[in-house]
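Q: Residues per chain, in single letters:
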Amino acid sequence: MRAVITVIGKDMVGILAQITASCATHGINVLEVTQSILQDVFAMIMLVDLTKSNIRIADLSEEFDELGRKMGLSIHVMHEDVFNSMHRI
Amino acid sequence: MINTKDILETIQMIDDENLDVRTITMGISLLDCIDPNTEAACRKVYDKICGFAEHLVRTGEDISREYGIPIVNKRISVTPIAILAGANPTASPVHFARALDRAAKTVGVNFIGGYSALVQKGFGPGDYALIESIPEALSETEFVCSSVNVGSTKAGINMDAVKKMGRVIRETAERTADRDCIGAAKLVVFCNAPEDNPFMAGAFHGVGEADCVINVGVSGPGVVRAAIAKASPSDDLSAIAELIKRTAFKITRMGQLVAQEASRRLSVPFGIVDLSLAPTPAVGDSVADILEGMGIERCGGYGTTAALALLNDAVKKGGVMASSHVGGLSGAFIPVSEDAGMIRAAKCGALCLEKLEAMTAVCSVGLDMIVVPGDVPAEVLSGIIADEAAIGMVNSKTTAVRVIPAIGKDVGDELNFGGLLGSGPVMNVNRVSPKVFIDRGGRIPAPLQSLKN
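If you read the protein sequences in the order shown, they are chains X and Z.
The opening residue of the first sequence carries number 1 in the working numbering; numbering runs sequentially from there.
The opening residue of the second sequence carries number 1 in the working numbering; numbering runs sequentially from there.
The set of hints was computed from the structure by calculation and includes no laboratory data.
Because the structure is a prediction, the values reported are computed rather than measured.
Where is the CB? At the ideal position from N, CA and C, for every residue including glycine.
One or more of the hints may lead you astray.
[Claimed, not checked] Quick look at which bits of chain Z chain X covers, simulated, 3 or more residues with Cβ under 8 Å: (1) 61–69; (2) 244–255.
[Unchecked claim] For each label pair, taking beta carbons as the anchor points, the in silico distance ranges come out as: (3) X:ILE89 x Z:SER433: 54 to 62 Å; (4) Z:ALA231 x X:ASP49: 32 to 40 Å; (5) X:ALA17 x Z:VAL320: 24 to 32 Å; (6) X:ARG56 x Z:ALA306: 48 to 56 Å; (7) X:LYS70 x Z:GLU61: 21 to 29 Å; (8) Z:GLY51 x X:VAL13: 24 to 32 Å; (9) Z:ARG98 x X:ALA17: 55 to 63 Å.
[Claimed, not checked] Calculated Cβ distances over 12 Å to all of chain X for the following chain Z residues: (10) ILE2; (11) ILE7; (12) ASP15; (13) ALA322; (14) GLN449.
Kindly produce the complete structure, drawing on both the sequences and the hints.
A: Have a look at this one:
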């Protein structure tokens, strides 16, 4: 199963490191990353594979919610199917 | 990879524009619970609902967390209780209301619909008793919602039922006067009621439906409003309609995804997706704001009906292709107390009851969540119902009346229901008496379907 992680917020050192470290801990494979900084706003989108991970997507979502609160970032974890169904015919 | 713009658009819709799945509603047939012994029937009703819906709330929450989509309500609709009450017309149907309420509490849903009677052509054995028991049932229960269908395009309008319902609405409000007349907010009078509607208070599980189905109601007025806000002032109305269609498509696809997933996990067939734009009291999540965004200075001004017609049609066109089965009330809702923009327009005098009635000829339902003065007589309420039913009957569309008489209050006061039901200003009502007309009773014959002028 694949999911999309989005991170939006004020740019700072170590955002990518924190997120990917968290993924690695849970055995989540990062497939693709796009990242941009627009006027100090950091926006990152990651496509990840949870097939071999040891965590359920709902729990991962809660963990990132908590991390987002600590770092002052908005982090979303959403099932890939949401985007496929909304934006592809 | 999926387009970055699309991903950010979805996140923005959920975070800033109140996009959500409004309800997963499990429709459960109670036809196999019919029993001349009311106590036994109530036991079967309770057991069947608790058995079928045991995992409904948890499944909804799981899907919400796993997919990152807010799913606001988990609800149940059941076979119109008047059919079950017909097996023993001398017993009080309120026993069924209590059984439904208990079952709703046990499984954790926030509403259960189906304390209903379908009397568009006449009264069956359980119908009289059920209609008479509505005030008691709604005042004694917390989660039960009630609806009565008094007319249809094929049957005409049952004016005896219309007369009764004016009185029943008043009594229901009176019995719950200490709780802002909340009982009347859980009671809808329909013409052409759909049998697969997942939205409350009018949800019931029609007799033509399967034993158990999952229906999903999507929402998203905030998303449509935001899309229109981004349109250029020079965009013509064809462009606006296209924009709404595209947005409705995306919203509905999300609803379809949730419906399919819920159906798979609960091993219950998928029924329909209801494409409704259902506003909430949250700022920006408003159908009135969409109409104003199209260029009407204040909702209720001239042009409002045309703008609403465009919106309603575009929502359906966009949504129909996004879902394999569409049904329910599909379209734009215009409840006053649940829509911050409608409340604002009503308070400043731009939106009156007569304009709302005109709007119901082109919106998806009818006069919804409208607070009227507490001293409006029952026959005037019946007159409102008759007019609204006539609009539905002649135009082959669903119309409904959910008005709340604010007992002891008058124009300028307010009722506050809390939560999704919101709060509404008491609106002025034309008091010219239709008493003689209403007292005649009988039936208004079904209209001709040709010679459409």
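Q: All hints are to be evaluated individually against the structure, with a verdict given for each.
A: Verification of the hints:
1. 61–69: As far as the region 61–69 of chain Z goes, the hint holds, because 6 residues have Cβ atoms under 8 Å from chain X.
2. 244–255: holds (count 3)
3. X:ILE89 x Z:SER433: 54 to 62 Å: About 56 Å separates the Cβ atoms of ILE89 (chain X) and SER433 (chain Z), which means 54 to 62 Å holds.
4. Z:ALA231 x X:ASP49: 32 to 40 Å: holds, 38 Å
5. X:ALA17 x Z:VAL320: 24 to 32 Å: At 47 Å between Cβs, range violated.
6. X:ARG56 x Z:ALA306: 48 to 56 Å: Holds - the Cβ-Cβ distance for ARG56 (chain X) and ALA306 (chain Z), about 49 Å, lies within 48 to 56 Å.
7. X:LYS70 x Z:GLU61: 21 to 29 Å: The hinted range 21 to 29 Å holds for LYS70 (chain X) and GLU61 (chain Z), with Cβ atoms some 24 Å apart.
8. Z:GLY51 x X:VAL13: 24 to 32 Å: violated, 55 Å
9. Z:ARG98 x X:ALA17: 55 to 63 Å: holds, 58 Å
10. ILE2: ILE2 (chain Z) not clear of chain X: closest Cβ-Cβ about 5 Å, inside 12 Å.
11. ILE7: violated, 5 Å
12. ASP15: ASP15 (chain Z) is in fact no farther than 12 Å from some Cβ atom of chain X, at 7 Å.
13. ALA322: Check fails; 9 Å does not lie beyond 12 Å.
14. GLN449: holds, 36 Å
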